[in-house]
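Asks: Next come the chains, spelled out residue by residue.
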Amino acid sequence: MNRLKSNSDIEFVIKPTGSFSLQLKELWEYRELFYYFTWRDIKVKYKQTLLGFLWAVLQPFILMLVFTVFFGGMLKVPSADESLPYPIFAYSGLMLWNIFATGLAGSGNSMVTNANIIKKIYFPRLIIPMSSILSAIFDFIMAFLVYIGILIYFQYMPPIEKLVLLLPLSILMAIFTSFGLGCFMAALNVKYRDFRYVIPFLTQLLFFLTPVIYPIKMVTNEWARILLSLNPMGGVVHLSRAALIDKPVNWELVGISGAVAVLMILAGIIYFKRTESYFADIA
Amino acid sequence: MKPIIEVSHLSKRYRIGSNLKPYVTLREAVFSLFDRDRDNKNTFWALEDISFTVEPGETIGIIGKNGAGKSTLLKILSRITPPTRGKAILRGRVASLLEVGTGFHPELTGSENIFLNGSILGLTRGEIINRFKDIVDFSGVHQFLDTPLKHYSSGMQLRLAFAVAAHLDPEILIIDEVLAVGDAEFQQKCLGKMNEVASSGRTVLFVSHNMAAVNKLCEKSILLEHGRIKAIDLTPKVFEIYLAKKEQHGKVNLEPVEGKSCNILSVGVMSDKEQFTDVIASDKLFYIYCKIQVNQPIRNSQVAISILSLTEGVVVFSSGHRDADRKYHETLEPDSYEIKLKVPGNFLNISLYAVNVRVWGEYGHQQRDSHADSFQDISFNIVETDSLASRFADKRKGVVTPLLEWQFS
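Those protein sequence lines, which keep their order, are chains A and B.
Each residue of the first sequence is one higher than the one before, starting from 1 at the first, in my numbering.
Each residue of the second sequence is one higher than the one before, starting from 1 at the first, in my numbering.
Treat the hints as calculated values from the structure; they're not laboratory data.
You may find that some hints are simply not true.
Each computed DMTMM-like pair below joins lysine to aspartate or glutamate, with the alpha-carbon atoms no more than 20 Å apart [as the list claims (entries may be wrong)]: (1) 133(B) - 169(B); (2) 2(B) - 272(B); (3) 119(A) - 225(B); (4) 273(A) - 81(A); (5) 2(B) - 11(A); (6) 150(B) - 41(A); (7) 43(A) - 196(B); (8) 133(B) - 196(B); (9) 216(B) - 6(B); (10) 87(B) - 222(A); (11) 15(A) - 333(B); (12) 43(A) - 146(B); (13) 43(A) - 26(A); (14) 237(B) - 58(B); (15) 15(A) - 272(B); (16) 119(A) - 405(B); (17) 220(B) - 240(B); (18) 47(A) - 48(B); (19) 15(A) - 6(B); (20) 273(B) - 255(B); (21) 45(A) - 169(B); (22) 340(B) - 240(B); (23) 65(B) - 225(B).
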């Protein structure tokens, strides 16, 4: 549906799938649909739940408690810095990890769960995985409010200018990573439903390869460090901690992670766009 | 003025097997290097070389049997799936309704679903707010607006869905068979709304099996057959072509069984012009045809034909060839006979029917028995035209739709 108002200049041509184009203008015209899909995802997620939006907060909060007791307390896993309490350390990583985990699960399955809509009506398909990421960001905002509460509870004052600079960067990297991988998974999922099972497995695997519960300095093996930096979430989590302490940022790690994140979003979108025209036929 | 829809050489190829995959995998691509026919063997053209133009304000019906490519054509014009070849130019805001209630979510309330569905169908938030009251009025679900959709009856969901669809305001409206649902009263309402849309200068493409609705709404129609355009013309003319089927349609030949006293050689259905067909217009008379071979004299003979409504599952009537003269004791001498039973028009309701032919009688020491029986070997459709059966949105109640005399005093 073209939303332009005047009739005479609307003309669109339907032809066999041609060259690659992002069609940003069209995406912009459909911006309201973004809003509605995101709104639906959020609303449906917490409908008929007793605690509602609290769930967005409870998950990382309880995980933080468990990690603090088991890893911080019993296993004596150090935090990134002596001055940084382990609960803050764990939570800062977890809330960013959750953007990735929820975003990937949502967007990776989004084309299949919305198959009935895709088969019946046209709109830019990218809207669907994008909305899943947006609803993951909504969860993040909820979790972030609690984060501030935790900082106040521990009376921990992070260097503000660093936080303002580095946290948005890490959020952006998390979005890039989850959206890129999500688009890729969404497109593959339409074709091969195997990927429904790959997504949770992949998420779990990456969780251990991401320094969420342990600080990156615990990894001393040179090769393991390279492997960790190739995981874009490694850079994301590192940034979220670096924003809290007075130590210098490991820009080499962040740089590699960032480059991989950009590569992922590009590859994901390109693959998605290349296959999207046939989604309706095979979904 | 330029045509509002211009379709030229539109074709769509699907791959057969493995879920009609429209793409080629790497492995297949490699194999096809060695096997040049492969591409042709495993594909079929759902649409082939479709070209037509639609002028602004025209209402075009698209008819054809299942699998003729109607839905594929609509999907391409709605941009849901791309064509394999050819192109189409659409000049104007398009709304396509391949189903009503697309995107409805059972957990959301009625009013939330109006916004979601409206937005999916291409309305802006402002437009939905402006039309909200009209939509609710049309649907008649006022008191349930804050109830989750899952608690709605299916009829209420449908009314809400159609209410949103009815308040789109496109220049081009593409509709697929959405009227085939709901109760008669609501269908009537929808049809009225459609009429309003069509007569307000909007361009409408309308696919339906309901030929009465097509006849009412569309001045012109396109007949698709095996993915190709069979006819584009004024609707009544297209119907004529659709209904006049080639020979051998509507007739089956049966293998004679050796040593039987009597064999039924063929059974068929003929139009009023005495041509074999499997589609009969409901207001036209037609013939049940059969050819029998009698090998031995059959005493007390009777050839009986019965018509079974396959949709209702009842025998509509049985008729015997001696019913009129009551000469039940006549003997059928060995010979071959061509038999035609004339069935009046305005009699059978719209449905799918099967024909059963039997030859009864006695020969030799045999008691009265059926000597030959063809059961459901041939079936035919009674379809609506602008006749008695169709003076309603859908079909009239009852197995038969006779034309009866009324007296007012």
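Asks: Decide, hint by hint, whether the structure agrees.
Replies: Outcome of the hint check:
1. 133(B) - 169(B): This hinted pair holds, its Cα atoms lying about 16 Å apart.
2. 2(B) - 272(B): violated (43 Å)
3. 119(A) - 225(B): Distance of about 23 Å is beyond 20 Å: violated.
4. 273(A) - 81(A): violated (44 Å)
5. 2(B) - 11(A): holds (11 Å)
6. 150(B) - 41(A): holds (17 Å)
7. 43(A) - 196(B): violated (36 Å)
8. 133(B) - 196(B): With a Cα-Cα distance of about 19 Å, the restraint between residue 133(B) and residue 196(B) holds, given a limit of 20 Å.
9. 216(B) - 6(B): violated (24 Å)
10. 87(B) - 222(A): Not satisfied, since the Cα-Cα distance of roughly 57 Å exceeds 20 Å.
11. 15(A) - 333(B): violated (67 Å)
12. 43(A) - 146(B): With Cα atoms ~14 Å apart, residue 43(A) and residue 146(B) stay inside 20 Å; holds.
13. 43(A) - 26(A): violated (26 Å)
14. 237(B) - 58(B): Status holds; Cα separation ~17 Å.
15. 15(A) - 272(B): Status violated; Cα separation ~45 Å.
16. 119(A) - 405(B): violated (50 Å)
17. 220(B) - 240(B): holds (13 Å)
18. 47(A) - 48(B): The hint is violated at about 47 Å.
19. 15(A) - 6(B): holds (12 Å)
20. 273(B) - 255(B): violated (27 Å)
21. 45(A) - 169(B): violated (32 Å)
22. 340(B) - 240(B): violated (23 Å)
23. 65(B) - 225(B): Cα-Cα ~7 Å, so holds.
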